[in-house]
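**Student:** These are the residues of each chain, in order.
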Amino acid sequence: MDHAGAPLIALRDVSRSFDDGAVVALRGIDLAVAQGEFVSIVGRSGSGKSSLVHIMAGFDKPSSGQVWWQGRAIADRRAWTVLRSSEIGIVFQEFLLLPTLSARENVEIAISKATAGEARRRADDIIARVGLAARAEHLPHALSGGERQRVAIARSLANRPRLLIADEPTGSLDSANAALVLELLFELRRERGAALVLVTHEEAIAARADRVVRLSDGKLENGSGDGGRPS
Amino acid sequence: MTIAALAWRNLMRRPMRTALLALGIALAVATALALIALSASIERSTADSTRERGADLTVSQKGAADLFAGFLPDKLGARIAAVPGVAGVAGELIMFAPVDEAFQFLAAGMADDSYFWAAMPLTEGRKPDKGERYVVLLGASVAKALNKKVGDEISMFDHGLKIVGITGYRTAVNRGVIVMRLQDLQELAFRADQVTAFHIALAPGLTTYAVAAVERGIESLAPVNVDPTDQLFANDRNVEVLNAVSLAISIIALATAGLSVLNVLLMAVHERMRETGIMMAIGWSDGRIMATIILEGLLTGVLGCALGVPLGLAACSLFELLPVIGTYLTFQPGLAVIAPSVAGALLLSVLGSLYPAWRAVSLTPAEALRRT
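Keeping their order, the protein sequence lines are chains A and B.
Residue 115 in the numbering used here sits at position 115 of the first sequence; the count goes up by one each step and never skips.
In the numbering used here, each number is its position in the second sequence, counted from 1, plus 1000.
It cannot be assumed that every hint is accurate.
What the hints assert, rightly or not - Label-pair restraints from in silico Cβ distances:
hint : chain 1 : residue 1 : chain 2 : residue 2 : range
1    : A       : A207      : B       : R1014     : 46 to 54 Å
2    : A       : D174      : B       : L1259     : 34 to 42 Å
3    : B       : I1251     : A       : G131      : 55 to 63 Å
4    : A       : G145      : B       : R1014     : 21 to 29 Å
5    : A       : A134      : B       : R1014     : 36 to 44 Å
6    : B       : L1259     : A       : S172      : 36 to 44 Å
7    : B       : R1014     : A       : K113      : 28 to 36 Å
8    : B       : R1014     : A       : R121      : 26 to 34 Å
9    : B       : R1009     : A       : D20       : 38 to 46 Å
10   : B       : N1263     : A       : G46       : 35 to 43 Å
11   : A       : D20       : B       : V1245     : 32 to 40 Å
Stated by the list, open to error - To list a few chain B residues with every Cβ distance to chain A over 12 Å, as calculated:
hint : residue
12   : A1081
13   : M1280
14   : D1286
Claimed, not checked - If you want a taste of the chain B side facing chain A, the calculated C-beta under 10 Å gives, among others:
hint : residue
15   : R1009
16   : T1207
17   : T1256
Please keep in mind that the hints were generated in silico from the structure rather than gathered at the bench.
Note that this is a predicted model, so its numbers are computed, not measured.
Yeah, the Cβ is synthetic: ideal placement off N, Cα and C, and Gly gets one too.
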């Protein structure tokens, strides 16, 4: 059920601690991302960026607070699985491709709600779109870092998600490949009209976003989360 | 890509481990199959042999631990013959007897008036003449094992017996029997006036109801069991014990295979935890991830069965080459023998994969992705 006017995703007073509260990763985060919006999250190492991404993607549960999707509180594992299979695409710094599957198969297994033939066709299309048609049958170990990340981007967009989360997507690439991958990511995001949450520590990249959110010691600086109130 | 294809790809990333696991399952399936076949063949081979000689029912002592342990007075035969519906009675003393001091063979002493004599096929020689003492007919397997022919002599219970014929029976049990007059075997074995069982030929065309009436009529004469030939071992304690032991060993073998599946898949799941995290991250449901792992277990089970069934059948063929078994038993592998071991192996392969599957989805995606 969509609530008109509600942010696409919103975190409300979200905190996350580990080891019975001994380590606090996030403190009272209020953050909202609107449909189609491009938000950069910047912060130093250990500031809580990855914890925030994990909460936004439903990989981890907040210790307190809630995450809302289109005005609906998402708490259980099954609801998050459904969102990740259709509404949320993720790109990791370390690519995280399945090593026994080819580039095309890595994309194909992420495609939901499609017949086997349709999934294969869609995977072929998007692999071609990221410029890897000739490398589609190669296993990840036979691809360069930049190619692997392009496969990961193709996989994240395979279901036409409304939210794309990219956690340091160029962190493992050299500068030339990083620039290519970023341009591809921005271009595909624009084509599909998806919101983008980009975690980066590079100010120049972050500055290309509609809004920059700064994390420091698990807290947002200066209310840069822009509300985070579900309607 | 289907989850079955992914499961297969996962198994093939460590082909040696998968092959060894499948081999373990195959050995368990082969063991179970051979033991089940052995149990089934004892009952079937004996029933076949009795049918070959023309018996419809067998009368044995009630409460005897096994068929050979029971004894009945041979005079009971005349009273059984008088029961309406009985067309023929064959009193028989049967036992394992020492032959030529080095062997043990089944010896069957048949009453002079037994209808078995008339129906007995011969390949060589003759049947005993009226009143002729201490002569025997050898089954073909016995003659071959002892390398004896008509005119030779054998020793049984330290008494010389002249071979007058070779029987032409086709079933394994009958080919392994030494046939002689009842009076001679009773005397040599100190079983005067006793038989082990009476075999009954029924009058032709009896209805089921009439057969039941014959059984009741015989049972009213003495404390006896009356069984159709295919249920000859229904009251046999030894066969019950053998069946129970075979079943227990089969279950242990298959359970060990199931535990191997659990162990190997648990190891595989542990190694692939980060990949499981990736699958969670791209929206695979817990059910789909579990199904992939259960399919891996099932596929190894199928592989194990594909190897194990021929292996088990080969083992059965080898049993027939062993004189102690092959003299009396023939193995006829059929669905009734193969199905239980295959079904057991597949079921236990699936059960063995349930815990690893559950473990795979027991972590959050964040925890799984943190694993190296």
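**Student:** Against which earlier hints does the structure fall short, listed by number upward?
**Tutor:** 2, 5, 11, 13, 14, 16, 17
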